[in-house]
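Undergrad: Okay, here's what each chain looks like letter by letter:
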Amino acid sequence: KAGVTQTPRYLIKTRGQQVTLSCSPISGHRSVSWYQQTPGQGLQFLFEYFSETQRNKGNFPGRFSGRQFSNSRSEMNVSTLELGDSALYLCASVRIGQSDWGRQETQYFGPGTRLLVL
Amino acid sequence: ILNVEQSPQSLHVQEGDSTNFTCSFPSSNFYALHWYRWETAKSPEALFVMTLNGDEKKKGRISATLNTKEGYSYLYIKGSQPEDSATYLCAFNTDKLIFGTGTRLQVFP
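Chains A and B, in that order, give the protein sequences. Just so we're aligned: 103 in the working numbering is position 103 of the first sequence, and the numbers increase by one with no gaps anywhere. If you count the second sequence from 1, you need to add 1000 to reach the working numbering.
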């Protein structure tokens, strides 16, 4: 089974520009989560999509948006880039299963897109 | 604001040493606790999902315990090897995953 793919892997933009990142989850997984990692910070949750609907959102400004397509591929967009948006953006394909104690999620991460804003 | 803390921030050990590190999380409304290993230039890889108080999980030389009443989990590595060098992340599962900042482990030959 192919893993999670993210494109592009590296990106350099300037302040004020906008950027779109893409994530293709593992085949059969319908849920995708996005995270941002900056130096010294843990992975910060951006949003989660399930069946083309945003199910959850983290504490990020409205400049960060996303969507999911019918084939479960997801994109995230950052408009009006700021220097502080320089980060590694990770996408995770989520397998949802059932165990004896209820719903269980396992997240499979892609390689990430490293964004540098100059 | 839910806080997940990991300690220590970094750890340097010799090959063959055993080591352990801690993840602290809110003890109320517990659902699940995840451990991930993140090697440099790779993607985070799921190690364990722990849900029951007193749970202990093992994968080769790596094991983890869970105490939901006091809000902590320990990750143990027995006989560390250089290939164990990575950042170990824990994540507290609410309606989303809240990650700690990780423990960076370096194992020297």
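Simulated from the structure, these hints should not be mistaken for laboratory data. Fair warning: there could be bad hints in the mix.
[Said to hold, decoys possible] Under the rule of at most 30 Å between Cα atoms (straight-line distance), these lysine-lysine pairs were calculated in the DSSO-like manner:
1. Lys1042(B) <-> Lys1058(B)
2. Lys57(A) <-> Lys1096(B)
3. Lys57(A) <-> Lys1069(B)
4. Lys1042(B) <-> Lys1057(B)
5. Lys1042(B) <-> Lys1069(B)
6. Lys57(A) <-> Lys1078(B)
7. Lys1057(B) <-> Lys1078(B)
8. Lys1057(B) <-> Lys1096(B)
9. Lys1096(B) <-> Lys1059(B)
10. Lys1078(B) <-> Lys1059(B)
11. Lys1059(B) <-> Lys1042(B)
12. Lys13(A) <-> Lys1042(B)
Undergrad: Does each hint hold? Answer for all of them.
TA: Verification of the supplied hints:
1. Note on lysine 1042(B) and lysine 1058(B): the hinted pairing holds, with a Cα-Cα distance of about 22 Å set against a maximum of 30 Å.
2. Proposed proximity of lysine 57(A) and lysine 1096(B) is supported: the alpha carbons are some 9 Å apart, at most 30 Å.
3. Distance check on the hinted pair: lysine 57(A) and lysine 1069(B) sit about 28 Å apart at the alpha-carbon level, within 30 Å; holds.
4. Proximity of lysine 1042(B) to lysine 1057(B) is assessed by CA-CA distance (about 24 Å); at most 30 Å being required, the pair is judged to hold.
5. For the hint pairing lysine 1042(B) with lysine 1069(B), the CA-to-CA distance comes to about 34 Å; that exceeds 30 Å, so the pair is violated.
6. As the CA atoms of lysine 57(A) and lysine 1078(B) are separated by approximately 38 Å, the hinted pair breaks the 30 Å bound.
7. Of the supplied pair hints, the one linking lysine 1057(B) and lysine 1078(B) holds, its CA atoms being roughly 14 Å apart against a limit of 30 Å.
8. The suggested pairing of lysine 1057(B) with lysine 1096(B) holds, with an alpha-carbon distance near 22 Å, which does not exceed 30 Å.
9. In summary, the hint linking lysine 1096(B) to lysine 1059(B) is supported, as the alpha carbons are separated by about 25 Å, within the 30 Å threshold.
10. The suggested pairing of lysine 1078(B) with lysine 1059(B) holds, with an alpha-carbon distance near 11 Å, which does not exceed 30 Å.
11. The straight-line distance between the Cα atoms of lysine 1059(B) and lysine 1042(B) is roughly 19 Å, inside the 30 Å bound, and the hint therefore holds.
12. Our distance criterion of 30 Å between C-alpha atoms is met by lysine 13(A) and lysine 1042(B), whose separation comes to about 23 Å.
This entry does not satisfy hints 5, 6, going by the numbered hints stated previously.
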